[in-house]
Amino acid sequence: MKNSQIAIIIAIAVLIGYTLVRLGNSSTYSNFEQATASLGVKTTVIGYLDTDQPMDFNPKTITLTFTAKDKKGNESMVVYHQPKPQDFERSEEITMTGYASDSAFIATDILMKCPSKYNEENEVQSDKIYK
Amino acid sequence: MQYVGEHIWAADLGRGLTALSFVFALLSTLAYYLKGDQWKLLGRLAFRIHAISLFGLIGTLFYIMAHHYFEFDYVWKHTSLDLPPQYLFSAFWEGQEGSFLLWMFWNAILGYILTYSAKKFEGPVVGVFAAVQAFLVSMILGVYLGDMHIGYSPFILVRELAENVGLPWTQFADYLERFPNFADGTGLNPLLQNYWMTIHPPTLFLGFASTLVPFSYAIAGLLRKDYKTWIKSALVWSFFSVGILGVGILMGGAWAYEALSFGGFWAWDPVENTSLVPWLTMVAGAHLLLIQRNKGGVIPAALFLLILTFLLVLYSTFLTRSGVLGDSSVHAFVDLGLSGQLLIYLLFFTIGSLTLFLARYKGLPKKVKEDRMDSREFWMFIGALILLISGLQITLSTSYPVFNKLFGPDGLITLYDQDKVLIDPIEHYNAIQVPFAIIIVLLIGAGQFLSYHRTTTTQFFKRQILTLILTTIFAGISAWILDMWNPMYVTLLWCSYYAVIANLEFWIRWAKGNWSIAGSTVAHIGFGLIVAGSLVSNANKDVISQNKTFIHEEFPANENLLIHQGDTVELGDYWVSWTEQREEGYYQRYVLEFFKEDEDHSGELKPAFILSPSIQMNERMGNVAEPSTRHFLTKDIYTHVTYADMRSMEEKGTEEWKNAFDIELATGDTHFLYGKYQVRLDTLVVEAPQGDGNLKYAVLGAGLSVTTMEDSTYKIMPIYAVQGDEGQHVDAEIKELGLKFSFDRINYESNRPVITASEHIEAEEPFILIKAEVFPWINLLWIGSLLMALGTVIAVTTRLRGK
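Each protein sequence line maps, in turn, to chains F and C.
At the far end of the first sequence sits residue 131, using this note's numbering, and the numbering has no gaps.
At the far end of the second sequence sits residue 1803, using this note's numbering, and the numbering has no gaps.
Honestly, the hints are just simulated from the structure, not real lab data.
For every residue, glycine included, the Cβ atom is placed at its ideal position computed from N, Cα and C.
Please note that the accuracy of each hint is not assured.
[Said to hold, decoys possible] Computed Cβ-Cβ distance ranges for the label pairs, DEER-style:
1. C:1676 <-> F:90: 46 to 54 Å
2. F:90 <-> C:1081: 24 to 32 Å
3. F:77 <-> C:1355: 51 to 59 Å
4. F:111 <-> C:1147: 30 to 38 Å
5. F:111 <-> C:1668: 24 to 32 Å
6. F:9 <-> C:1355: 25 to 33 Å
7. C:1658 <-> F:90: 51 to 59 Å
8. C:1632 <-> F:9: 41 to 49 Å
9. C:1747 <-> F:90: 34 to 42 Å
10. C:1168 <-> F:77: 44 to 52 Å
11. C:1723 <-> F:77: 54 to 62 Å
12. F:9 <-> C:1351: 51 to 59 Å
13. C:1738 <-> F:111: 16 to 24 Å
[To be verified] Each computed DSSO-like pair below joins lysine-lysine, with the alpha-carbon atoms no more than 27 Å apart:
14. C:1369 <-> C:1120
15. C:1040 <-> F:72
16. C:1035 <-> C:1225
17. C:1596 <-> C:1658
18. C:1040 <-> C:1295
19. F:42 <-> F:71
20. C:1735 <-> F:72
21. C:1035 <-> C:1120
22. C:1420 <-> F:71
23. F:69 <-> C:1405
24. C:1635 <-> C:1715
25. C:1596 <-> C:1735
26. C:1232 <-> C:1596
27. C:1405 <-> C:1295
28. C:1606 <-> C:1541
29. C:1232 <-> C:1420
30. C:1658 <-> C:1635
31. C:1420 <-> F:69
32. C:1225 <-> C:1369
33. C:1541 <-> C:1596
34. F:42 <-> F:72
35. C:1735 <-> F:42
36. C:1606 <-> C:1696
37. F:42 <-> C:1228
38. C:1606 <-> C:1676
39. C:1635 <-> F:71
40. C:1232 <-> F:42
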C-alpha cells in the first residue's frame, strides 16, 4: 500500500473519530434538581404544566411564565421568551430545553405533547342507546 | 345477526384479494427459488396474479373510500363527506395501511416490468420482489393466530375493532342508522389537505420501491456467482432510483418550506434523515457501479452499498412505523402495534442478505492492483466512502431512541440510567455534515478533470485553470455581497461553485458537449447549486422581525414582532400593517400589507405586497401556523403568525367590562394604568352632614384626571355614597378611551380611597405576534433540484438507449 493511501485512510479515520466524539457530546434528559445544581448549563427537562400555579403570557414583552413539575415532582418556575405555543394549556407533557438560573428555569425551546381532541370525539356515544 | 346497511361484500372482496395476493406472493417466491423453466413460468404467473389481486384490492379500497362506506374503520378515519374529491388520494395514503399499499403498488409495477425485462436474471430478481411483497402484504393481512395478530387490514369494520367488540351498540342490527357517529367520517387531517400530500408520498414511495431493483440484482449476482452481466441493468436502475428518491425527498423539503412552519426546508427530523440516508448510499452505490463498468475492481463495495441501501430503507420503515421514534419526530406514523412484525421483516432481509454477502465474499473478484492516486476511480471511490460515512453518522444520531430502548433505563441491557437525547440536533448535524459536504462537492468538481486509469498532474491543472479562476471570482463576489466570512462556509461555497463550474467547463470545453455525459453534467451542476442554495439560505437567514419593546441585556432581542390591528410598524426594510383577519374554512387568515418607503426619500409609504399567513384550526393536532412567503429572484420573505388570540367570543366572555384593577391613591398621587394612562387623584370631595350627633350619610367623590399618551387629559369624578351599611356607586366613564372608574371603598387602614378601573371590551385592541425571516438565494436550491432531476432523467434515458 502506498503512503498516500495510508494518509487518506488516516484522514477518514479522523473523520470517523470526529463523528464519534460529537456523538458522545449528546446529553441526557435531566430534572429541575440537576439543572439547578449546575446553573447556566444547557439541558433538557421533561415535565408538565402545573395548572394550580398562575401562568402568564405577556405579549408586550413576549414572556411566558409558568410553573412546571418534572417527573420526579420537583417544581420550578419557567420563563420562556417566545410566543406562547398554541394550546399550551392543554399540553400533557412539556419538553423544555434551556438552563437554570437562580430564580427560574430559562427555557430556550419548548416542545409539547397534546392529547388529541380527535380521539375524544372518536368514540361511539353508547350512552344514547339507553335513552 | 344481519346488520343493516353494511357493505359486507366489499369487506369480503378486499380481504379475499389481500389473502390471494399474499398467497401468490409466497408461491411466486417459492417457485422462483426452485430452479427450472417450469418453476420459473409458475413463479412469473404467480407474481402477476399477486400483482393483479393487489391492484384489485387497492381499487376496492378506493371504491369504498370514494363511496363513503363509513362502517369501515379506514374510511371513517380518513375520509368525510365534505372531503374535496381531489384529496381522495391523499386520504388513501394518510394511514399506515394505505401507505403500505402505495409502496406495494410500486413494487408490484416494478416487479411486473422486471418479469419482462430482467431476462435471465428474472428468477432471483423477481423472486426477491415476491418475498418483499409477501412481507409487505402480511402487514395488512389482519388475521389472528391465537392472541397474536398479523397485520392490520384496511377492510376492518368499526364494530370489529378490538376495542369495540362486545360493546352494547354492536348488538343493534341497525347501528349504522341509529348512531349519528356513522353518518360522517372524521376526514383527512386538514394539515394534509395540500397538493404536496398528493404528489410527495407517491414519488417518495416509488423512490423507496426503486431501491429494491439494484438490491435484487445484487442478490441475484451473489446467488448466481455472476459479477458481470447484471451490472448494466443495475446501473440504469440505480440512477433511476437516485433521481426519483432525490426528487421525493426534495419535494418533502419544498412542502415543509411552503406549507409548514418548521422554519425552513430541512429540519434534520428523524423521518427526513432516514429517507436521506438511503439516497446517499444509493448515490455511492451507483457511482461504484460506474467505476466497475469502466475499470472494474470494486464489486465487493458496490454489492455492499446496493444491499445496504435497501436495508436502510427497511430500517427507515421500522423507525417511522414502529412508534419507536415517539417524541423525537413530528411526523412519524401512528403506531399500529406492528413493531414485532416490522422487526422480523427488517431482520430477515438484513441477516439473509448479509449472510449471503459474507458467504460469497471470498469468491468475489477483487482488485488486481491498487488504484493510482491520480486516477478518477480512486477519487470516486473515496467519494463513495465519504457518502457512506455521512450516511452512517446520520443513522447513528437518528437512532438515539432505538439505543434508549435497547440500553436505556427500561431497555434490554441497561448501560445508562437516563435516556440520551440530542440537545440541539440542527447544530449537531450541520457541524458534522458540512465538512462531508465540502469533500463531496470538491470531488464532484475535481473528478471531472481526472481520467480513468491515470492523469498527469499538469494535465489535471492545465485543464481546469479557467474553472479555478472563475470559481474564485464568483465565490469571492458572493461572499462579499453576502458578507459571509465564516471559513467553513466560504470553503463550502467555493467548493460548490467549483462543482458547478468544473462540470460546465468540462462538458463544454473538453467533452465538446458530448450528449452521453450531459446527464451527469446537469445532475452534478444541480447538486452543486443545491448545496450552495442550502448553505446561503440557511447561513445567511435573517430574522427581520424584532421586538423593540423589550430587550433585556441577558436575552437576545426577541425575534417576534407585535402588531395591533390597524397599526403600521417597521419590519426590516419594510413597514407592515395588519389590516384584516378572516376565516376561510379551516384557516384563520391574517392579512399583512407590506409597504416600502418611497425611493425619493420623501418618507412616503408605497404598497409593496401582501402576505397572508394563517393559523389552521386543527382539531387533531392543535392549531398549526401556516407561513406565507413572498418570492423574489434573490430572496424569499417568509412570515408566520407565532401568536394570536384564538379564543372564540364565548371563551373571551360576554362581560362588557374587563381587566378590573384596583388603585389606591392619596391625594396628589399618580398611577400608571394599563401601560398607557396616567391617573392622578386631584382631590377628594367629602360631604358628610351630621344630624343628632350622628353621621347621617356620607357622599365621597374622587376627582381624577386621566392623561393619555397623546397628552389629552380627562377629568372625572366617580362617587361613592354610604348610609349605614349600605353603599351606592355612581361610576364615571370616559367613552373615548373605553375606561370606567368606580369609587369602590375606603381602605380604613391607610385611610385612602380605592378606585377600581376597568377597560371596555372593545378598548382591548386585538394583536398578533409574527415572525418574519429572509431566506437569501433560496432559488439556487430549487433550480438545483430541478437540474438534478433533469440530469438523472437524461442519464437514465441515454443509458437505456445505449443498451
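Right, here's what the structure says about each hint:
no., hint, result
1, C:1676 <-> F:90: 46 to 54 Å, "violated (32 Å)"
2, F:90 <-> C:1081: 24 to 32 Å, "holds (28 Å)"
3, F:77 <-> C:1355: 51 to 59 Å, "holds (57 Å)"
4, F:111 <-> C:1147: 30 to 38 Å, "holds (36 Å)"
5, F:111 <-> C:1668: 24 to 32 Å, "violated (52 Å)"
6, F:9 <-> C:1355: 25 to 33 Å, "holds (28 Å)"
7, C:1658 <-> F:90: 51 to 59 Å, "violated (23 Å)"
8, C:1632 <-> F:9: 41 to 49 Å, "holds (47 Å)"
9, C:1747 <-> F:90: 34 to 42 Å, "holds (40 Å)"
10, C:1168 <-> F:77: 44 to 52 Å, "holds (48 Å)"
11, C:1723 <-> F:77: 54 to 62 Å, "violated (47 Å)"
12, F:9 <-> C:1351: 51 to 59 Å, "violated (29 Å)"
13, C:1738 <-> F:111: 16 to 24 Å, "violated (39 Å)"
14, C:1369 <-> C:1120, "violated (32 Å)"
15, C:1040 <-> F:72, "violated (63 Å)"
16, C:1035 <-> C:1225, "holds (15 Å)"
17, C:1596 <-> C:1658, "violated (38 Å)"
18, C:1040 <-> C:1295, "violated (34 Å)"
19, F:42 <-> F:71, "holds (18 Å)"
20, C:1735 <-> F:72, "violated (53 Å)"
21, C:1035 <-> C:1120, "holds (12 Å)"
22, C:1420 <-> F:71, "holds (16 Å)"
23, F:69 <-> C:1405, "holds (25 Å)"
24, C:1635 <-> C:1715, "violated (53 Å)"
25, C:1596 <-> C:1735, "violated (36 Å)"
26, C:1232 <-> C:1596, "violated (58 Å)"
27, C:1405 <-> C:1295, "violated (45 Å)"
28, C:1606 <-> C:1541, "holds (26 Å)"
29, C:1232 <-> C:1420, "violated (45 Å)"
30, C:1658 <-> C:1635, "violated (45 Å)"
31, C:1420 <-> F:69, "holds (20 Å)"
32, C:1225 <-> C:1369, "holds (22 Å)"
33, C:1541 <-> C:1596, "holds (21 Å)"
34, F:42 <-> F:72, "holds (19 Å)"
35, C:1735 <-> F:42, "violated (51 Å)"
36, C:1606 <-> C:1696, "violated (68 Å)"
37, F:42 <-> C:1228, "violated (55 Å)"
38, C:1606 <-> C:1676, "violated (30 Å)"
39, C:1635 <-> F:71, "violated (45 Å)"
40, C:1232 <-> F:42, "violated (53 Å)"
The earlier numbered hints that this structure contradicts are 1, 5, 7, 11, 12, 13, 14, 15, 17, 18, 20, 24, 25, 26, 27, 29, 30, 35, 36, 37, 38, 39, 40.
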